[in-house]
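Asker: Taking the hints as your guide, dock the two standalone chains into a single complex.
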Amino acid sequence: MIAKPLTLTRAPQPQKRPLSRAQRATRLLLLALTAISGYALVTMHTDHLNWATAFASFWHNLQLMIVHPHLGQDSWAALLQAFANTIALAMLTTLLGAFLAFFLALATARPFAPKPLALAMRSLMAVIRAIPTILWVLVYATVIGLGNEAAVVGLTFHSVAYLTKAFAEAMETVPPAKLAALRATGCGFWLTVRHALWPEVRASLLSWTFIRFEINFTNAVAVGAAAGTGGIGYNLFMASAFNFDFQEVGLIVYLLLAFAICLEFVAVRMRKHLTH
Amino acid sequence: MPNLYLRQTARRRWLTLIAALGLLVAGQLWLQLNDRQAFMGVWAGLAWLVHNFTPDAAAWHDLPTITYQLWRTIVIAIAATSVAAIVAVGLGLAGAATTGRIRWLRGGVRLFASVMRNFPFVAWALVLLFSFKQNDFTGFLALFLMTIGYLTRAFIETLEEVGGGAIEALEATGARYWPIVIQGVLPAAIGGLLSWVLYMIENNIRDATLVGMLTGTGIGFTFDLYFKSFRYPSAGLVVVTLIITTIAIELLATHLRQVLTH
Chain A
1 MIAKPLTLTR
11 APQPQKRPLS
21 RAQRATRLLL
31 LALTAISGYA
41 LVTMHTDHLN
51 WATAFASFWH
61 NLQLMIVHPH
71 LGQDSWAALL
81 QAFANTIALA
91 MLTTLLGAFL
101 AFFLALATAR
111 PFAPKPLALA
121 MRSLMAVIRA
131 IPTILWVLVY
141 ATVIGLGNEA
151 AVVGLTFHSV
161 AYLTKAFAEA
171 METVPPAKLA
181 ALRATGCGFW
191 LTVRHALWPE
201 VRASLLSWTF
211 IRFEINFTNA
221 VAVGAAAGTG
231 GIGYNLFMAS
241 AFNFDFQEVG
251 LIVYLLLAFA
261 ICLEFVAVRM
271 RKHLTH
Chain B
277 MPNLYLRQTA
287 RRRWLTLIAA
297 LGLLVAGQLW
307 LQLNDRQAFM
317 GVWAGLAWLV
327 HNFTPDAAAW
337 HDLPTITYQL
347 WRTIVIAIAA
357 TSVAAIVAVG
367 LGLAGAATTG
377 RIRWLRGGVR
387 LFASVMRNFP
397 FVAWALVLLF
407 SFKQNDFTGF
417 LALFLMTIGY
427 LTRAFIETLE
437 EVGGGAIEAL
447 EATGARYWPI
457 VIQGVLPAAI
467 GGLLSWVLYM
477 IENNIRDATL
487 VGMLTGTGIG
497 FTFDLYFKSF
507 RYPSAGLVVV
517 TLIITTIAIE
527 LLATHLRQVL
537 TH
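Sequence order for the protein chains is A and B. Going left to right, the first sequence walks through residues 1 to 276 as my numbering numbers them. Going left to right, the second sequence walks through residues 277 to 538 as my numbering numbers them.
Just chain B, same shape as in the assembly (with noise of 0.2 Å):
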């Protein structure tokens, strides 16, 4: 018998492996690529990387504009961010079982956040710059809507992790609906919740360059400016920029959920 055994799990191994391989062989002669020039061109695109991109001295000189639209785009994604997390709580109280005390509430909000989450961002920052124009706002509201999806599910999960014993509890003390979210669920969720609001704080700064290219809006407009006008060292100056908040933000975000959670 474990002769047996050790054959099919050995078969179901290679099945594994051959359609793993089947898949990228279907995938690649789909998109009918030129495996060749894609795989030199690895190389090349990080020479001509390096060689285009290093800031000159004319790059230094578009500093101030870089760090001012790099400083706005923070401090719209974060502003989007804690206004989606505002609106999340609120969502997020009515859709977790243990608070939320209407139950068709309940379904239409989890079926909410799914939509929303999946929602195809691109189509969020084109419609809305057809209404909006290329404004902060517009940017503002792009980062919002692609967050309240994530947010909201997020934070029903956290919710749900107080569990129902600590309510039923507060409950047989006679406290009402109010203080008990107020004074005993929330306080009790908190670290959990901000964790998630620096999660997505992270992910939108990465996410406003392409948002920003979309929208014409902050950091994403101006490499694009830079880039379609061959100003290649100013765009290679952004990039920089760009990886050095990133790393920043993630290390500050990570050290902070530590001390939330611990």
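The shape of chain A in the complex, shown without the other chains (with noise of 0.2 Å):
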């Protein structure tokens, strides 16, 4: 039998595979990020700035900043008062905000709120968060004069929507048949949260809580600086908008650095011990 001579014949090619709807959305997003991109390069009013005296000034100061931090015209004292005061506005709107946060999360979370009531405070916490914290530090400094309480009244409105957020999306979490069970056996609402939710939800609210107060030490150098209600925002606003002294910006960075850094360094840490 003569066998049937073999045909080579082409694998069937492989029929290109039509993309994800991640894949799309990937390509449509580079693309229109590049192009927004492009378009804003390309349109920057620059006025004739001379790019190499810009640059070269720009170095210099930065290595005056770096390089040689010096006292200015604040003494030591005045300096870390300022700071000490900058330390006290975020810790004090940070408590304030968790504490107000974590009554108006239980009238935001699903399984506590009825939901149109939830559905109303979660539009107000989004329009308070969409406001700028120093438009409302602004609007309270015209209101209540210019001071500590401007400051600790705009911080707070935006520590609470921000954190009645988070706190509304941590509670979320705990499984309902949790809390229907304590129900179930007669425990009211009070005792519902203090033995259900709170144990679950402790280790992400106090996260929480702590990622704000280092966006709130941020916020309190800024607001310090361009509402000028105090703190060592304003000095660092002085020093550098006013008597052109990039030494003594350079000394109020290296405090506010460390202090971060040491933030930075305890967030870590507590990220560690709640997570084990």
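Hint data in this document are derived by calculation from the structure and do not stem from the laboratory. Just so we're clear, the structure is a prediction, and the values are computed from it rather than from any experiment.
Partner residues aside, some chain A positions facing chain B, computed with beta carbon under 10 Å:
#	residue
1	Arg21
2	Ala22
3	Thr43
4	Leu92
5	Ile131
6	Gly147
7	Phe157
8	Ile252
Negatives, chain A to chain B, calculated, CB over 12 Å:
#	residue
9	Leu106
10	Ala166
11	Gly188
The C-beta atom is built at its ideal place from N, Cα and C for all residues, glycine as well.
Answerer: As structure tokens, this is what we get:
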């Protein structure tokens, strides 16, 4: 028997797989980002900026800041007091915000709040969050006068809205069966919160509060600089925008950097402690 | 024994509560706050806001200026984030434990990211304003410098999630470093990387108001101008457009993130 001659046929070409939804979204997003960035860079108003001198002066000031930090108009005592003010401001607004946000989150989280209330709270908090912290502080500085009170109220506003959202999301991860079990035994609202909800969300609430503390510290500096409500931010603003003393700016930057890096270290330790 | 345990946890709970209250009181005493004034001020401020900031007919004439400045701000915030993302991909590849081949460079990148992340952005804004004066590029550079540290750190974590196993498997086939990175690591991580970029764009558009106030550019400067010349209805219109934009971008980014990572 003669074997049928073997014909070499080409293996069927693999069909080009249609792109998945995620791949299409990725390509579209990359394209959009490139187009928008290109447009922005091409149409940027630079007003006859002399690039060479601008970069040279920036580099020079950066060197002054980093290599030669030095005291300027303010004494060590004044700087440290302003620094302590900023820390106190951040701490106070974070604690206040966390305390208020816990109760507001109970009115926002799905297992506790009736639907219309939850929706209303969610929208309200989204609107408050959408207004930048600095605007709240500026408004309160106008109404109750320039000072720590304005900064406290302004920073607290934003903290409450931010933490309410974060806390409510954390509370929604608690298994509903757990809550139902306690309710079935006849536990009232607060007992359920205390014994079913609190142990589950404690760790995550704590870590959100700490994240907000870091944000509030940055905001407290910014608010002092932009609204003039005091704290180290104001010294930073005066040193650079009024006295052009970049050596003092450098010193303040080192102070703030040291504190922020300590916070980051604590945060990493805390996260390890909480997850174990 | 359980009795002792319960007593101890109860004591610790009370101590935590007292410590928190102590910090509250200490902070309040240190800042010498007038609580009554502050508390009454909350409602007074809201009433003042509604009364003065409601846009009137004159304010609507400013709408073209406001929307133009808002558009410029958004576009520049996106550009600053995207350019920072390109740099951060390079830094992330050098800093991640799985793709970084040079040990001291890995440590160096991490240190750089940590310093940049914690560098007070107020200082960037003010120093840049001095050298680059009041123009779009100052805002762009300030946002760029603020973003680079965050993105580098986030990218390092995202790239490390791809895992050494996949890289080892590709190495076993004889693939070289760059093909592994470009065809193996980056495509696997792109969804995560882009989610971070979206998150930073959202954040930067929020922060752009503040940066604009400090550097005298964009929508922040527009607001500052209206606010300081007592044109409150126009300032209110700026706030309204900011609220709409921020919420729209937040919703869009959340939706895109869901599509990208599933």
